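When you get a sec, could you build the whole thing from the sequences and use the hints?
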Amino acid sequence: MRYSRRENIMKTPTAKAELLQTIQNDFDNLIHLVDDLPEESKNATFRFNYAMTPNWRRDTNVRSVLMHLYERANRLVNWLESSNRSATRPFRADFFGDMSSELWIKQQNTDFEVAYQLAKETHKKAMSLLETMSEDELFKCVYFTWKSSLSIADYAMSGLANHYKWLMAQIQNQVIVNEMISK
1 MRYSRRENIM KTPTAKAELL QTIQNDFDNL IHLVDDLPEE SKNATFRFNY AMTPNWRRDT
61 NVRSVLMHLY ERANRLVNWL ESSNRSATRP FRADFFGDMS SELWIKQQNT DFEVAYQLAK
121 ETHKKAMSLL ETMSEDELFK CVYFTWKSSL SIADYAMSGL ANHYKWLMAQ IQNQVIVNEM
181 ISK
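Numbering (our numbering), first residue to last: 1 to 183.
Treat the hints with care, as some may be off.
What the hints assert, rightly or not - Restraint ranges, calculated between C-beta atoms of paired labels, are given here:
| no. | residue 1 | residue 2 | range |
| --- | --- | --- | --- |
| 1 | Glu-40 | Glu-131 | 35 to 41 Å |
| 2 | Thr-110 | Asp-136 | 34 to 40 Å |
| 3 | Glu-81 | Glu-135 | 18 to 24 Å |
| 4 | Lys-106 | Glu-135 | 32 to 38 Å |
| 5 | Glu-102 | Ala-44 | 19 to 25 Å |
| 6 | Val-177 | Leu-129 | 32 to 38 Å |
| 7 | Ile-176 | Met-133 | 37 to 43 Å |
Rather than coming from a laboratory, the hints here were simulated on the basis of the structure. Because the structure is a prediction, the values reported are computed rather than measured. In this text, a Cβ means the ideal position worked out from N, Cα and C, and glycines have one as well.
Okay, here's the thing in structure tokens:
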């Protein structure tokens, strides 16, 4: 199974209820996938194809995936809670390179169950914050001082729903690789 951005990443919904439902559905699908994994797969080290891009090779097991999810969602939560939201962008390209290596080092001693709970709690917090926002706050770009064609809903889709799909694909890829190797 090969991950394709074009197939797995949707356009941002245009209504609040649709946005919240999309994000929740994608999160639920990811959690169900993790819950259905055998215990040995939850802690198994991923096997990599060296043709994979570095962002695919960064997360070394399901715990790493969950901690990546936690950090990404937590960044969105912190930005949404910020009183000066218009002055900073939540996800800039220069942030991700540093985040990846720092995150990998930071999460090495995190237990799977802790990572699992952190991911769930941060998702819940992000959803609570999004639920408090109006349609205009979510979908209009006028709330930022920088020039952007992106709305809070766009950032929520990127930081949450689309990322959940990407992380699901990463886990599914490893399940397939492990099954092929064990045969």
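The hints, checked one at a time:
The given range of 35 to 41 Å is respected by Glu-40 and Glu-131, whose C-beta atoms sit roughly 37 Å from each other. For Thr-110 and Asp-136, the Cβ-Cβ distance of about 38 Å falls inside the hinted range of 34 to 40 Å, so the restraint holds. Checked against the hint of 18 to 24 Å, the pair Glu-81 and Glu-135 passes, with Cβ atoms roughly 20 Å apart. At roughly 36 Å, the beta-carbon separation of Lys-106 and Glu-135 lies within the given 32 to 38 Å, and the hint holds.
Restraint check, Glu-102 to Ala-44: a C-beta distance of roughly 24 Å satisfies the suggested window 19 to 25 Å. For Val-177 paired with Leu-129, a C-beta distance near 36 Å keeps the hint of 32 to 38 Å intact. The hint said 37 to 43 Å for the Cβ distance between Ile-176 and Met-133, and at roughly 38 Å that hint holds.
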